[in-house]
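J.: Note that the protein sequences, when read in sequence, are chains A and B. The opening position of the first sequence corresponds to residue 15 in this note's numbering, with each subsequent residue numbered one higher. The opening position of the second sequence corresponds to residue 161 in this note's numbering, with each subsequent residue numbered one higher.
These are calculated hints, taken from the structure and not from any lab test. Since this is a predicted model, take the numbers as computed values, not measurements. Treat the hints with care, as some may be off.
Unchecked claim - With a cut-off of at most 25 Å between alpha-carbon atoms, the simulated SDA-like pairs for lysine to any residue come out as follows:
{"hint": "1", "chain 1": "A", "residue 1": "K557", "chain 2": "A", "residue 2": "L582"}
{"hint": "2", "chain 1": "B", "residue 1": "K239", "chain 2": "A", "residue 2": "L464"}
{"hint": "3", "chain 1": "B", "residue 1": "K260", "chain 2": "B", "residue 2": "E297"}
{"hint": "4", "chain 1": "B", "residue 1": "K323", "chain 2": "B", "residue 2": "P338"}
{"hint": "5", "chain 1": "B", "residue 1": "K260", "chain 2": "A", "residue 2": "L582"}
{"hint": "6", "chain 1": "B", "residue 1": "K296", "chain 2": "A", "residue 2": "R463"}
{"hint": "7", "chain 1": "B", "residue 1": "K239", "chain 2": "A", "residue 2": "D387"}
{"hint": "8", "chain 1": "B", "residue 1": "K260", "chain 2": "A", "residue 2": "R385"}
{"hint": "9", "chain 1": "B", "residue 1": "K323", "chain 2": "A", "residue 2": "L464"}
{"hint": "10", "chain 1": "B", "residue 1": "K239", "chain 2": "A", "residue 2": "I578"}
{"hint": "11", "chain 1": "B", "residue 1": "K223", "chain 2": "A", "residue 2": "M384"}
{"hint": "12", "chain 1": "B", "residue 1": "K260", "chain 2": "A", "residue 2": "D387"}
Here are the chains, one letter per residue:
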Amino acid sequence: MTATVASETGSAGPAETPLAPSRPVLAQDWRRLVRMGAVGAVAQIFIALSNMPVRLDERLVVKPILSLGYLTLLIVPFAAGHRVGHQIKREGMAVYAAGAHEVAGGAACGAVAGGGVSLLAVLLANFDLREPLVNWSPMLAELLAFGNATWFAVVIWLLIGAAVGGSGGALRVLGPSTRRAVVTMALAVGGTAVLEPLVVDLAEGMRLEALTDRLYAPRGGINWTSALGLAAASGILAVLGRGRVRQAREHVAALEGAKRTRTNLGLIALTGAALVILPLFAGKLTNELLANVGLFVLLALGLNVVVGLAGILDLGYVAFFAVGSYSAAVLTAATSPRINPEMPWLVALIVVVIITGLVGLFIGAPVIRMRGDYLAIVTLGFGEIIRLIFLSDWLSGWFGGSQGITKIPGAGIFGLTSVAGTDPRRVFYLVLAFCAIAIYVSWRLERSRLGRAWMAVREDETVAEAMGINTVNVKLLAFVVGAVLGSFSGAIFSAKVGSVFPNSFLILVSIVILVVVIFGGMGSIVGVIAGSAVLIGVLGGPKQPGLLAEFSEFKLLIYGALLIWMMLARPEGLIPSVRRSRELHQQEMAQDAWLKGQVEDDDGNGGGRAAPAT
Amino acid sequence: MSADGAAASTPLLEMRTVNAHYGAVHALRDVDLSIYEGDLVCLLGGNASGKSTTLKTLLGMLKPTSGEVVLDGEVVNDKPTSYRVARGVTMVPENRRLFKRLSVRENLELGAYLRSDTGAIAADLERIFELFPRVKERLSQKAGTLSGGEQQMVAMGRALMAKPRVLLMDEPSMGLAPALVQQNFELIQQIHEAGLTVFMVEQNANMALSIADRGWVLQTGRVVLDDTAENLLAHPDLRASYLGQADT
């Protein structure tokens, strides 16, 4: 038997098993199917009651057909239907070809999920739970029933669930290239529709209004004709570009030594150039978004030093952002209550860095003597203390209490220009410059002796001390470096917004920065940037609207969902540092290595295997 | 006091009537120890007898409440750990305690954290590869993925990278399979023969005394026995309490 298998797989290698024929339609794993469907049903009920469908119903995706509100519901049976057909590939077990079995399973699973909405529609019609559930509204009932009677809602959601779930399953039947084309088409249409404000803004910057006028309906949403055109175009592109991207990536990954370095430098230069040129063609909205992302990149890079490298879980990082903002405000604004030296921004920045560094020392000194959970709780406290100090009546003569400090001038650069929030493009360039500095500093630090010492402290503080590392100094330094990077962001923030108030520095800011770091990938510079781009750019920061301004109300909900998904699917973060991914996938790798060892043993020395038996 | 002929010279590392406390708990009571250049000596004792406390005090991670810790004739009570590490006192922690998520190379380099003589560090690295060829094969691997025996080699290598004059070993037999314990003690002997002073703290008295020249026995923070290895092995009290053989 081994001989025939070997000859069949031959070139593919020993790990590959041939595809078994598709399973019969009714041979479903019913338990899994119902469970997946039930999860989908609960998810849909939850989404419906979060009010996302009603609030986003106005926002059209494809002109008369689909709104963003319905899309938030439909995505669930689709995902469930697709997921239920997933086969776990086990070595030595048959892998079945996808076929009618997957479509039927997806449809059944989707119908169960859709049943959740049906159930909700019935409940909505017969009970009034407005008291505990604020979104238990007639609007929701009407939306679910498409304006018809309740029985219609029940039937239609079962059908919709089955249809959408079935199409999710059908995605598995398609060949890899067709599937890629379909997914690209869907993403192109969906992306263009959802990112409408960005596309319009960019088109205005490039004088291409004519194009967007044709693409989008006058009151939002893609025209269904242009949606078809877009789908066709992207489908063709996907087919033509098949494998090119992956080829390029593999090519780069295969490079070694000097060539690799040169390619990397080239890529960095290219990205830098794009970031310098792009804002010139972008409108106000895009630049504002980019500037906000940049501010959070700065903050996240700072926190990354503290959490990612030194392993100090700081939940009060906003304190340094606040101190940076307030000290810059006091030093530059003519209106600050007590002292107003009206320093030029760059001079003030030097003082700000010193002040924040000192505050970092001051907060750090008591905190770093603690470990683990206690440390996290204490930092949480300090984050609030700093905000309350700025809010207090006691110091309102200095910081204006709840009135804050207003009319802060823009950041003057050598008297050449003044950077204020009214011109987001300049703000972005300023932020970009500081990001470049912060990235370079982080990158150097990570590879320095100090970086090594931070990692040793993160791994095992006692042993690090026994190696002769002065753990107290090293941890304090991490705090100070983090504080200084955060203060850059604060100083730019106050010049950009033109005013600072205590409630701009709520605990939520700390949490969002931490989420950015975790989401992007702890200890990874590229990851932190990607994390800010996705979370702050697309979803929005604590007070800053993101690209999907419509979702800002549901931002924290989505943050949470993303984090859970992340912990399950990519615990090392979006773009992990090499080290982290090594660590978290260690088990799998060890298993692979073990399996490979087995295989080699089987091939090579059959005698060796027999030996222990004797 | 010392069994060999080094009695006239000053000890390399010494504890003079040291007392140490954890809060109110009296952990070391008037402990006297002296380790001479070229010694292979051991400190024996059961659980909670103060063995690890002695190591911590020698390394400066715990300050004695009275008495003196003397390194090379200098009282170092108030000097930090880094000062003592820089002057050749290095510890191999119990259970190896590698930086598990760092690579083997990073672990070794961290051993030389306080050194700045780049050329000599590279040479020492080569020397460790000679001593443990297995370590060289695993350089870029994460320390946590190594087997117990390999981890022991890296832990030893990490300590040697500090260019120690005296190696403090905390329970070298702990958490190792019997065959590995044997191998580990042979290794300690080998390192000692190459000229390094070794002070080990052990519960496994039989094993430790089989290679050591001298030993102390610690009981609830007090040195109760101080003798050559042969005498200790023959001592009836020790046989009863540590070697598990009651005198009949």
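J.: Would you mind marking each hint as holding or not holding in the structure?
T.: Against the structure, the hints come out as follows:
1. Taking the CA atoms of K557(A) and L582(A), the gap is about 28 Å. The hint is violated against a cut of 25 Å.
2. Our distance criterion of 25 Å between C-alpha atoms is met by K239(B) and L464(A), whose separation comes to about 22 Å.
3. Distance hint between K260(B) and E297(B) is fulfilled; the C-alpha atoms sit about 17 Å from each other, no more than 25 Å.
4. In summary, the hint linking K323(B) to P338(B) is not supported, as the alpha carbons are separated by about 29 Å, beyond the 25 Å threshold.
5. Taking the CA atoms of K260(B) and L582(A), the gap is about 23 Å. The hint holds against a cut of 25 Å.
6. The hinted pair formed by K296(B) and R463(A) meets the criterion: a straight-line CA distance of about 22 Å does not exceed 25 Å.
7. Between the alpha carbons of K239(B) and D387(A) the distance comes to roughly 30 Å, so the proposed pair goes past 25 Å and is violated.
8. Pair hint K260(B) plus R385(A) holds up; C-alpha atoms about 19 Å apart against a cutoff of 25 Å.
9. Taken as a hint, the K323(B) and L464(A) pair is honoured in the structure, with Cα atoms around 20 Å apart against an allowance of 25 Å.
10. Only pairs whose Cα atoms come within 25 Å are accepted, and K239(B) paired with I578(A) is rejected, the gap being roughly 48 Å.
11. Proximity of K223(B) to M384(A) is assessed by CA-CA distance (about 19 Å); at most 25 Å being required, the pair is judged to hold.
12. A distance of roughly 21 Å separates the Cα atoms of K260(B) and D387(A); the hinted pair therefore holds under the 25 Å criterion.
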